[in-house]
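S.K.: Chains as they are written, first to last, in this note's numbering: chain A, 1 to 202; chain B, 1 to 265.
Just so you know, not all the hints are guaranteed correct.
[To be verified] Derived Cβ-Cβ restraints for the label pairs, each shown as a range: (1) A:Thr86 <-> B:Glu43: 52 to 60 Å; (2) B:Glu43 <-> A:Ile93: 31 to 39 Å; (3) B:Leu148 <-> A:Thr86: 27 to 35 Å; (4) B:Lys42 <-> A:Leu16: 39 to 47 Å; (5) B:Ile188 <-> A:Arg138: 26 to 34 Å; (6) A:Phe89 <-> B:His113: 21 to 29 Å.
No lab work stands behind these hints: they were computed from the structure. Glycine included, every Cβ here is placed at the ideal spot set by N, Cα and C.
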Amino acid sequence: MYLQIVSYTLIGITTLVATFNRKQLLKSSEKYFLYYLVFIVIHELVAFIQNYYFKISTFVNYNIFDIVSYSFLIYWFYKILDNKKTITFLGIIYIINIIISLIIEDFFNSYLKINIFGSTIVILILTMSFYTHLLKKREVVSFTNNPQFWITTGLLIFNIGYLPVLILLNLSNFNSLYVDFGITILNILMYGCFIKAFLCYK
Amino acid sequence: MLQIENNINIMLFAMIFIAIIVIISVVVLFGLFMSKKNNLIKENLEAALENQKHLHELELKALRGQMNPHFIHNSLNAIQYYVQRNDVETSEYYLTKFSKLMRLFFDYSNKQHLTIKEEILLLENYLQIEKLRFEEKLDYSIEVEKSLDIEENEIPSMILQPLVENAINHGLFHKKGKGKVCILFKNIGNTGFKVQVIDNGIGINKSLAKNKSLAKNKHSSTVIEERLFLLNESNNWNVNYEIIDRLLIENTNGTKVTLTFNKVN
Numbered sequence: 001m002y003l004q005i006v007s008y009t010l011i012g013i014t015t016l017v018a019t020f021n022r023k024q025l026l027k028s029s030e031k032y033f034l035y036y037l038v039f040i041v042i043h044e045l046v047a048f049i050q051n052y053y054f055k056i057s058t059f060v061n062y063n064i065f066d067i068v069s070y071s072f073l074i075y076w077f078y079k080i081l082d083n084k085k086t087i088t089f090l091g092i093i094y095i096i097n098i099i100i101s102l103i104i105e106d107f108f109n110s111y112l113k114i115n116i117f118g119s120t121i122v123i124l125i126l127t128m129s130f131y132t133h134l135l136k137k138r139e140v141v142s143f144t145n146n147p148q149f150w151i152t153t154g155l156l157i158f159n160i161g162y163l164p165v166l167i168l169l170n171l172s173n174f175n176s177l178y179v180d181f182g183i184t185i186l187n188i189l190m191y192g193c194f195i196k197a198f199l200c201y202k
Numbered sequence: 001m002l003q004i005e006n007n008i009n010i011m012l013f014a015m016i017f018i019a020i021i022v023i024i025s026v027v028v029l030f031g032l033f034m035s036k037k038n039n040l041i042k043e044n045l046e047a048a049l050e051n052q053k054h055l056h057e058l059e060l061k062a063l064r065g066q067m068n069p070h071f072i073h074n075s076l077n078a079i080q081y082y083v084q085r086n087d088v089e090t091s092e093y094y095l096t097k098f099s100k101l102m103r104l105f106f107d108y109s110n111k112q113h114l115t116i117k118e119e120i121l122l123l124e125n126y127l128q129i130e131k132l133r134f135e136e137k138l139d140y141s142i143e144v145e146k147s148l149d150i151e152e153n154e155i156p157s158m159i160l161q162p163l164v165e166n167a168i169n170h171g172l173f174h175k176k177g178k179g180k181v182c183i184l185f186k187n188i189g190n191t192g193f194k195v196q197v198i199d200n201g202i203g204i205n206k207s208l209a210k211n212k213s214l215a216k217n218k219h220s221s222t223v224i225e226e227r228l229f230l231l232n233e234s235n236n237w238n239v240n241y242e243i244i245d246r247l248l249i250e251n252t253n254g255t256k257v258t259l260t261f262n263k264v265n
């Protein structure tokens, strides 16, 4: 419960920071992040009410959320990076990955682990691609003021930490509290980076 | 019990492993970006230094251009002419002007900027010496718009003299009859000012056609253009340079050179 409160607070703060800087944010290529954050808030709220008050499983919610989130992130990378062919190729792999996951796994009664695992790898490749792209540009001189750098760094930290968690989850039956704790820490770091990114628009 | 303890140990190990991965990734990432940033800053600094060096070289070249041997030779010949005619007063007057001009060239060559007033003083001295050579064939005027503060506003040092020299040597020199050079200083608001060097000579197009070799003229024009380019690059000035043949626009002979100076803060 405490971990959930920490996560919700972070998401709330990030959405607020993005909303306060919406004028500049909406002029940038990160404009859809504002709607994405609102989507996260609504999703978390619905999942919480559904789980806490009605005791209904949230597998479907989170499976849809994962698909929408990763699709959005791949689309964002497609918009900001130059090597469209590579990203299109990764997008196709991502779609195949979703299809395989939907066929093999139970969409209604479990998390789509194959989808999450494949998507995490795709996002990690895209973050590396972004860094390579940025390192070739002169904007690297002021990379700490670059919102895209911070968003990508947040995604890198989260996904690079999330990948071993996913692997370990498949190896043993861990107490979910420890996993939640690890994911909360990764969320703190990721949303911290997002907040820093949106503050760059000030 | 043993199973739970075992799970906790594995989880602790996993968390440490994840933390190490995250820390290493972030450290490598920032290390890489900082190193690239420092390299770029170093390259920019080197380029700026190189530009500065080039600017100084061009300033020196411009100075050499102003002090060109033809000008000195012609001026001294004109003075000699008055000496031979025993016109002591006139020869003394021009000798004083000539020595003052030389003095100004040396003094101002050390400065990057002059006030407009100082630049006008240099131009007046230069034009007076040229008038000695051309006598009645050359007329000139320097007009300053009242609203322009010539004691406050600065201009890159000795940037106008080569333009005036071009107007005389390539515009008026080939003209039959009386020629005139008009230098206008206009205020364009808080952002800067505009200087126009207008002559009623043969015009830039005819001049270019007449002097096909034009080695010297080309050289001085290139020096002016390069100097203006570097001034723009220096981020201290935004200078716009325009040269037109008046025949094409005003239906009269001559050349109009316009320099627009905007000081960048």
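S.K.: Next, verify each hint and record whether it holds.
M.R.: Against the structure, the hints come out as follows:
The hinted range of 52 to 60 Å is not satisfied by A:Thr86 and B:Glu43, whose Cβ atoms lie roughly 28 Å apart. About 38 Å separates the C-beta atoms of B:Glu43 and A:Ile93, a value consistent with the hinted range of 31 to 39 Å. As the Cβ distance of B:Leu148 to A:Thr86 is approximately 58 Å, the hint placing it in 27 to 35 Å is violated. A beta carbon spacing of about 40 Å between B:Lys42 and A:Leu16 agrees with the range 39 to 47 Å that was offered as a hint.
Checked against the hint of 26 to 34 Å, the C-beta distance between B:Ile188 and A:Arg138 comes to roughly 32 Å, which is consistent with it. In this structure the supplied range 21 to 29 Å is violated for A:Phe89 paired with B:His113, their Cβ-Cβ distance being about 57 Å.
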